[in-house]
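Take these sequences, add in the hints, and give me the full structure.
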Amino acid sequence: MLWDKVLPSGIGHTTNCFLSVEGTDGDKAYLMTEGSDEKKSVKTVNQLAHALHMDKDLKAGCLVHVFWPKAKCALLRDDLVLVDSPGTDVTTELDSWIDKFCLDADVFVLVANSESTLMNTEKHFFHKVNERLSKPNIFILNNRWDASASEPEYMEDVRRQHMERCLHFLVEELKVVSPSEARNRIFFVSAKEVLSARKHKVQGMPEGGGALAEGFQARLQEFQNFEQIFEECISQSAVKTKFEQHTIRAKQILDTVKNIMDSINVAAAEKRVYSMEEREDQIDRLDFIRNQMNLLTLDVKKKIKEVTEEVANKVSCAMTDEICRLSVLVDEFCSEFHPTPSVLKVYKSELNKHIEDGMGRNLADRCTSEVNASMLQSQQEIIENLKPLLPAGIQNKLHTLIPCKKFDLSYDLNCHKLCSDFQEDIVFRFSLGWSSLVYRFLGPTNAQRVLLGLSEPIFQLPRSLASTPTAPANPGIADNAAQEELMITLITGLASLTSRTSVGIIVVGGVIWKTIGWKLISVSLSMYGALYLYERLTWTTRAKERAFKQQFVNYATEKLQMIVSFTSANCSHQVQQEMATTFARLCQQVDITQRHLEEEIARLSKEIDQLEKIQNNSKYLRNKAVQLENELENFTKQFLHSCNEES
Numbered sequence: 001m002l003w004d005k006v007l008p009s010g011i012g013h014t015t016n017c018f019l020s021v022e023g024t025d026g027d028k029a030y031l032m033t034e035g036s037d038e039k040k041s042v043k044t045v046n047q048l049a050h051a052l053h054m055d056k057d058l059k060a061g062c063l064v065h066v067f068w069p070k071a072k073c074a075l076l077r078d079d080l081v082l083v084d085s086p087g088t089d090v091t092t093e094l095d096s097w098i099d100k101f102c103l104d105a106d107v108f109v110l111v112a113n114s115e116s117t118l119m120n121t122e123k124h125f126f127h128k129v130n131e132r133l134s135k136p137n138i139f140i141l142n143n144r145w146d147a148s149a150s151e152p153e154y155m156e157d158v159r160r161q162h163m164e165r166c167l168h169f170l171v172e173e174l175k176v177v178s179p180s181e182a183r184n185r186i187f188f189v190s191a192k193e194v195l196s197a198r199k200h201k202v203q204g205m206p207e208g209g210g211a212l213a214e215g216f217q218a219r220l221q222e223f224q225n226f227e228q229i230f231e232e233c234i235s236q237s238a239v240k241t242k243f244e245q246h247t248i249r250a251k252q253i254l255d256t257v258k259n260i261m262d263s264i265n266v267a268a269a270e271k272r273v274y275s276m277e278e279r280e281d282q283i284d285r286l287d288f289i290r291n292q293m294n295l296l297t298l299d300v301k302k303k304i305k306e307v308t309e310e311v312a313n314k315v316s317c318a319m320t321d322e323i324c325r326l327s328v329l330v331d332e333f334c335s336e337f338h339p340t341p342s343v344l345k346v347y348k349s350e351l352n353k354h355i356e357d358g359m360g361r362n363l364a365d366r367c368t369s370e371v372n373a374s375m376l377q378s379q380q381e382i383i384e385n386l387k388p389l390l391p392a393g394i395q396n397k398l399h400t401l402i403p404c405k406k407f408d409l410s411y412d413l414n415c416h417k418l419c420s421d422f423q424e425d426i427v428f429r430f431s432l433g434w435s436s437l438v439y440r441f442l443g444p445t446n447a448q449r450v451l452l453g454l455s456e457p458i459f460q461l462p463r464s465l466a467s468t469p470t471a472p473a474n475p476g477i478a479d480n481a482a483q484e485e486l487m488i489t490l491i492t493g494l495a496s497l498t499s500r501t502s503v504g505i506i507v508v509g510g511v512i513w514k515t516i517g518w519k520l521i522s523v524s525l526s527m528y529g530a531l532y533l534y535e536r537l538t539w540t541t542r543a544k545e546r547a548f549k550q551q552f553v554n555y556a557t558e559k560l561q562m563i564v565s566f567t568s569a570n571c572s573h574q575v576q577q578e579m580a581t582t583f584a585r586l587c588q589q590v591d592i593t594q595r596h597l598e599e600e601i602a603r604l605s606k607e608i609d610q611l612e613k614i615q616n617n618s619k620y621l622r623n624k625a626v627q628l629e630n631e632l633e634n635f636t637k638q639f640l641h642s643c644n645e646e647s
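Numbering (the UniProt record's numbering), first residue to last: 1 to 647.
These aren't lab readings, by the way, just hints derived from the structure by calculation. Don't take each hint at face value.
Stated by the list, open to error - Calculated pairs, DSS-like style, for lysine-lysine (alpha carbon to alpha carbon, straight line, at most 25 Å):
1. Lys135 / Lys123
2. Lys199 / Lys40
3. Lys314 / Lys301
4. Lys549 / Lys348
5. Lys72 / Lys40
If you want it as structure tokens, here you go:
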């Protein structure tokens, strides 16, 4: 088959170890021993592997690699490796040989000696091979068939005998082929004749040259038939050997891929449905929170308005009561008093501070506790309404958002600025003095007119007296007005007269003297003087302080009444700001919850899209696996099954 004498051959036991023949692209043949990279001449193969010249370092189970040019042997061009083994009757290590060299073999060739029959050792070897491999491809070559030419009368009988025994061995014992197939696996050849003929052909000489036994052409033709069938079988077996297991493995992988893709598709679908349901729940939750927050905001605004109005009313009432009690608060003030301007300035400053602190303290005592109770109740109601909108972990922390300290209203009376225009009048004024009498009988407004009239130089009568009277539209009102005008005019004139000349005093005194007598005048003057002296002596610093406080009470009462509405509005604004701030802090937690819900909805939407992509990809990959499975099935039918049918 190699067209040259390469491997050990001859009579007796020739091959000492395993020899593998592989193709090489080079022109030179070489060999390599197992465990060595040294390239040796192929001519040394007899020294290495021939049983008669065996190397002591090589054992029967060793392998010698022979690399033969592909140009010299067409069979080696398709990566075919031929392995020559020692005789099966020279070792007991058949199992190790089979495991080491035969498990990946595509075709086995049993070279039997036609001068004898099949040996049990040979059968035993192939029985072991058949145990290891499923239906191995076995060819039987009855070699040295040229010896039958010396006994032509027995040639056919011997051929029939060998054929029957070989058929029985392949069909009945090994059961690897059918009887019809087995006849194409048994050949009668002479390898020595074929090698000699091919060497002659290579050298350019006729194939039939030399001393050849009768029937050479028939034996050569049968050897060529063997080579042809062997090449076809090795090709088919190579295809099956190379691709059948890969095809089976590929089908298994595709089945696994389909199962995995189905599992992924089902899991992704379930997860996607769950995520969609969860997203819908989160969207409903978010809509519920938003709607409830809108309603709650309106309710809280209404509640804040009610509380602020209540606070304004309480502060207004309390401040009105405190203004009515201002005199008591002023009387409680004790400080050094002296009518000098510097002392009065300090006194007024301290009095303003005393009033501001006292009224602020009294207002706080009356209003702060009620305001705090009302605010706390409102805040608790807000918290209870907000709890359903928040996660359970946040609900227990809401109370920390309410200020722990008590809310204190700032009344900001600012008495110092409010009473900065106050001007005290603590000059001594006799109760029966001219000015006091005018103020007492005419009132402040008319008294000012009378007192200012003292500076007029001419005594004038009212025009109503100097001119001709006319009939008034309302007689009663006109008479009263005329009488009042007359009295003012007379007193003014009298005051002007007495103040400008001593003559007037003498005249008036003379008139009174003549009218009532000097005794009554003396008594009256004595009493008048005694009263004046009493009042003048009792006009002490304490009396001045009492007058100062009374004047300050009157002035401050008027000013404080002017800011009652402003102060109550300011307090209600403070309460409104405090409650609005607290509500805003609570709303921040709701906003955080809404933001978390929005982020969770966005995450779920992204997850749903990813799961949908996973589903689509898993379906695509499963369809691709089915497509590949169909292609493998077509490949199996086209190539692997056809090989089986042909074999």
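Structure-based check of each hint:
Distance restraint check for Lys135 and Lys123: the Cα-Cα separation of roughly 15 Å lies within the 25 Å cut-off, and the hinted pair is therefore satisfied. With a CA separation close to 23 Å, the supplied pair Lys199 and Lys40 stays within the 25 Å bound. A distance of roughly 20 Å separates the Cα atoms of Lys314 and Lys301; the hinted pair therefore holds under the 25 Å criterion. Annotation: proposed proximity of Lys549 to Lys348 holds, straight-line Cα distance about 10 Å (limit 25 Å).
Using a Cα cut-off of 25 Å, the hinted pair Lys72 and Lys40 holds, with the two alpha carbons roughly 19 Å apart.
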